[in-house]
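Given these sequences and hints, build the entire structure.
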Amino acid sequence: MSEEENAGEAPVKKKTRIGDMPMTTGQTVSIRPITVRQATAATPCRQSCVIVRDASGSMLGQKEIDALDACRDLVEALAAPGNGDTFRCAVVDFSSSALVVHPLCPARQLAGRLQPMDIVDSTDIAAGLRAAGSVLSSDGEPFPPGVRQLSPVIALYSDGGHNESGSPEYEADCLKQKQGCTIITVAFGSDADEDLLRKLASSPSHFYRAAGGADLRKLFAAVGRTMSVSATTGRDPCQALGSLR
Numbered sequence: 007m008s009e010e011e012n013a014g015e016a017p018v019k020k021k022t023r024i025g026d027m028p029m030t031t032g033q034t035v036s037i038r039p040i041t042v043r044q045a046t047a048a049t050p051c052r053q054s055c056v057i058v059r060d061a062s063g064s065m066l067g068q069k070e071i072d073a074l075d076a077c078r079d080l081v082e083a084l085a086a087p088g089n090g091d092t093f094r095c096a097v098v099d100f101s102s103s104a105l106v107v108h109p110l111c112p113a114r115q116l117a118g119r120l121q122p123m124d125i126v127d128s129t130d131i132a133a134g135l136r137a138a139g140s141v142l143s144s145d146g147e148p149f150p151p152g153v154r155q156l157s158p159v160i161a162l163y164s165d166g167g168h169n170e171s172g173s174p175e176y177e178a179d180c181l182k183q184k185q186g187c188t189i190i191t192v193a194f195g196s197d198a199d200e201d202l203l204r205k206l207a208s209s210p211s212h213f214y215r216a217a218g219g220a221d222l223r224k225l226f227a228a229v230g231r232t233m234s235v236s237a238t239t240g241r242d243p244c245q246a247l248g249s250l251r
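Just so you know, we're using our numbering here: the sequence shown kicks off at 7 and counts up by one.
It is worth saying that the hints were derived from the structure and are not from the lab. The C-beta atom is built at its ideal place from N, Cα and C for all residues, glycine as well. Treat the hints with care, since some could be wrong.
Claimed, not checked - Estimated spans, in silico, between C-beta atoms of each pair:
1) T238 to G167: 33 to 39 Å
2) P50 to S211: 45 to 51 Å
3) R154 to V106: 24 to 30 Å
4) D197 to Y176: 22 to 28 Å
5) P148 to V106: 18 to 24 Å
6) Q245 to G90: 20 to 26 Å
7) P151 to G218: 42 to 48 Å
What follows is the structure, encoded as structure tokens:
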């Protein structure tokens with residue numbers, strides 16, 4: 007076609023493309039805004055841990071020293087600076103009866119202040135578990151808004167068997183069913199009643215053996231680390247506490 011023939015026609019506008027959408031140069035285009043989701047920190051959590059210690063006569067001597075060190079390791083793990091005020095700890099001793107040695111308080115306040123056991127004859131595991139439940143029930147600390155409460159954890163060790171009245175199984179069931187507790191039990195030494203301690207635990211996998219002090223310290227430190235990691239993700243640690251390494 008000659009230039010003369012083309013002269014009377016409107017010029018053809020060139021086309022360009024944005025993505026796969028054809029458009030004419032100079033055209034106004036509405037682009038849908040993109041929503042960017044930023045990563046947010048896990049919801050702040052609060053969790054209670056009650057350490058239930060066997061203070062019967064058979065614990066006298068090196069076992070008592072080793073057990074105290076293990077309990078200190080657990081408290082110090084929960085009191086780590088990165089945990090802030092996430093964890094509250096209490097300590098209950100049992101022998102012929104139960105004694106609340108430390109009521110619930112922030113772990114950071116208890117670290118370095120754990121009292122030794124007052125060794126007495128007899129082993130009333132039922133009383134120890136009952137006292138742990140009372141400690142949790144009587145906690146009057148107000149809950150900050152926006153903070154998620156994780157299930158309480160009971161960490162109990164014993165080097166013998168229950169030899170007083172009362173039913174440890176009943177008390178453990180109350181803690182698990184009525185208060186939603188995760189119970190970890192540890193047979194400390196070869197004379198511990200493993201069958202009973204296995205029944206008291208939240209599941210068979212929440213029962214552990216500690217042949218000596220080094221094993222108990224390693225185990226309790228792992229409990230503290232596992233609870234700390236779970237809290238940072240806002241997850242209940244029950245399952246993780248059943249597979250400690």
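Consistency of beta-carbon spacing, V106 to R154, with hint 24 to 30 Å | Holds - the Cβ-Cβ distance for R154 and V106, about 26 Å, lies within 24 to 30 Å.
Starting from the range 18 to 24 Å, see whether the pair P148 and V106 falls in it by beta-carbon distance.
-> 21 Å, holds
So the hint says 33 to 39 Å: do the beta-carbon atoms of T238 and G167 match that?
-> 38 Å, holds
Kindly confirm whether 42 to 48 Å is satisfied by the beta carbon distance between P151 and G218.
-> Taking Cβ atoms as reference, P151 and G218 lie about 46 Å apart, which means the hint holds.
Is it true that the C-beta distance of P50 to S211 lies inside 45 to 51 Å, as the hint says?
-> Roughly 29 Å apart at Cβ, these two residues miss the hinted range, so it is violated.
Falls inside 22 to 28 Å, the C-beta gap from D197 to Y176?
-> Holds: the Cβ-Cβ distance is about 24 Å, inside 22 to 28 Å.
Please test the hint of 20 to 26 Å on the beta carbon pair from Q245 and G90.
-> 24 Å, holds
Going through the hint list in order, the structure does not satisfy hint 2, though it satisfies all others.
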